[in-house]
Amino acid sequence: MNRFNKKRFCFLSLSLIIPVILLCVFVVYPFWELIYMSFLEWDGVASDRTFIGINNYLQLFFKSPDFWQAFKNNLTYLFIHGLMMPVELLLAILLSSKFKGSGLVKAIIFLPFIMNGVGISYSFSYFFSPIEGGFNYILTKMGLEHFIQSWLSDPKIVNYVLSMVSIWRYMGFHVVLFMAGLASVQKDMMEAAIVDGANVWQRLRYIQIPSIRTVIDFMLFDVINGSLQMFDIPYIMTAGGPNGASNTFTIYTIDTAFKFNNFGMASSMAVIMIFMIVCVQLVQKYITGQVRRKESSND
Amino acid sequence: MRKNKWVLASMVLAAGLALVGCGESTGSKEKTTAAAGEGSDKNISCTLTLATWDVTAARTFDELDLEGRFQELYPNVEIDIEEFSAEPEYFNSMKIRSSASELPDLMFHKSDSMYQYEEYLTDLTDTEANKNNQIAAEYMVNGRVLGVPDRKTNDYVFYWVDMFEEAGVEVPDTWGEFVEVSEKLQAYFGAKDPDYSAISMGAKESWTTYPFMEYGPAAESGNGYYWDSMTEEDKPFAEGTAIHTVYGKVYDLFGKGVFGKDPLGITSDQSKELFAKRKGTMTLSSPMFLSDYKADGYDPSGIETFYLPFRDDDSSEFNLVTQGDCFLSVTEHSENPEVAKAFLEFYFSEAWYPDYINHISSDSTMMPFHKELDEVLMTAPELQPDVVYVTYGAGKSDFINMVSETKFDCKELGAEMLTEGFDFNRRMEELNQSWTDARKKLNLQ
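Protein chains in written order, with my numbering: chain A, 1 to 299; chain B, 1 to 445.
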């Protein structure tokens, strides 16, 4: 090996080894520790840790109704965010057309996303307050007093209220992503479709949506990931209450670890969360793959 | 003073400055001051870290120059205050740090947390601070004093005197009277104002239910260590037990609408504001409420206090739950344990403690340093002089393990009682069942 090749080999080796070491130290090792901890009974403080096999997992799945309640609440966020995606796409199409003040409208829609999540949650907490709350005030002024509810303390509606706050926060981000995708659709293709007499729906169905499929894939990933890991909004607005009705997976995990001193159980919940996200992603990938294959065979 | 603020908190300032009351002999005072100066090399150069969740106390450390005063004894020792905005965040952080052997030199504890951190805390049994403390020995952990409480406190019902007069009610002496007073107030003022509540309690944060749910069983039974006694029973929530009785009474009160239209929808800050606006006549809290109230710029004139009566009739004893709080401990992770111990001695000596305790709202725990109560708080012992003090312990190791296993949280249960459709008897039965299972699992049967 000549000197130049030796240097190149060294450089390439270092370029490979350093990221691998970093990955091992900051990702692989903590992940391994997390899995190991999920098989322990440990309060997070004492030095003695007892190996209990899969007991934490068994207890979670078969003896923890609160765990399933938290999971169900996460699914509420996922369902509502999923429902809103077509609305966000329509808004993006609307805003992609040029009209006077479109820049301002785009900025206003995007603004909640760049605002601090904690601040948003606090603001909405007061907005939905039963006493001197802004929302009830608006309803009263509009003569709609009979619609007034215990927005954040009624277990039947609290998750929907929190989901709407989440929608308010993330809608702008999703709309902007859709707009970026729509901007990449080839103009000549759209013009050709118009010349061929394709209506708005047909252009959307056969040109725009297929062209922004990567954006949709990313968005689905973001929505699934975000919904399953929802934390700041319910934590600040209701702290998971009343009576755990708005607990999410993450809040429940944190409570298990810190409030109830069960780090082993909390670790097993974290492992389940990772496993769930991977599973949902695989299912999503499979479905979108099938749709693509079907479409290409139709073509 | 160098301050390491982990979480920025924009909360309260310390309350009014009172004169130092020194009720005990000067001999013991001299002893405490001398102890503060004993021990390690005075010229040692190091930094001691002191962690606290009490924002008011941390401000007092700053205002009264804790570091400067300690440097009169140890000129080259810096005090690094680690301030957390709330107790849960504090203990979350400490848990992580304990496993990394990174606990601060000195840290504050609750009575139950000392059991969890037992292996990391230094024995303080031989310190002068412990010997001069009224209640430290009551909180021994397996025969060792691991923390010295810097205050003791009990709860009060703060109320507007003129609103009581207007509604024609008097300070209650029994639980039944308390319920009756609450109902009368609600009926009288609630008719004029839909936002009114006889008792201001923002139960959105479940901790606000603690005067009923946490102290109730101890007050009802007269046993401050009631939680620990529960670990010896399979069905501690069964009918006839003190906890079943008192929770039944509380549930009954919660169902009477005396907490306003939606207590679960408002925060403790909001309830304080509503009380200040006289949209609430009573509020239950510790003396810290008064400090916060004043620090928020409200005028406490017109407010008086009484103790919450849990007893059913005048002939029974009036149990008042009192507890030591903010237990100062020296950790085993300290690189300078002798200096840390010297700091602890200094903290409870005349050089620091009298000024400090007069700056905060709670009562003194140190025998040589007596403290006069704030005049708002003075009315309670005047109205109810014959109370029986019940020293409260928040639970030892077995109880902590049972809580981990059953996820029993008395304050959450209080918030749960306020939800619609709550079935008291079924919930008690569920708790009994999970308690039995947990005892079996933890080999406590």
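Bear in mind the hints are in silico, worked out from the structure with no lab data behind them.
Where hints are given, some of them may not hold.
List time: in silico PhoX-like cross-link candidates among lysine-lysine, alpha-carbon distance up to 20 Å [unchecked claim]:
1. A:Lys63 x A:Lys259
2. B:Lys407 x A:Lys156
3. B:Lys249 x A:Lys259
4. B:Lys256 x B:Lys235
5. B:Lys407 x A:Lys63
Would the hint linking Lys407 (chain B) and Lys156 (chain A) be met if the CA-CA limit is 20 Å? Roughly 23 Å between the alpha carbons, so the hint for Lys407 (chain B) and Lys156 (chain A) is violated.
Need the status of pair Lys249 (chain B), Lys259 (chain A): alpha-carbon distance at most 20 Å? Cα-Cα ~27 Å, so violated.
Agreement of Lys407 (chain B) and Lys63 (chain A) with the hint, judged by alpha carbon distance not exceeding 20 Å: holds, 12 Å
Within a Cα-Cα threshold of 20 Å, do Lys63 (chain A) and Lys259 (chain A) meet the stated pairing? holds, 19 Å
Assess, step by step, whether the Cα of Lys256 (chain B) is no farther than 20 Å from the Cα of Lys235 (chain B), and give holds or violated. Distance of about 28 Å is beyond 20 Å: violated.
Hint check: violations occur at hints 2, 3, 4; the rest are consistent with the structure.
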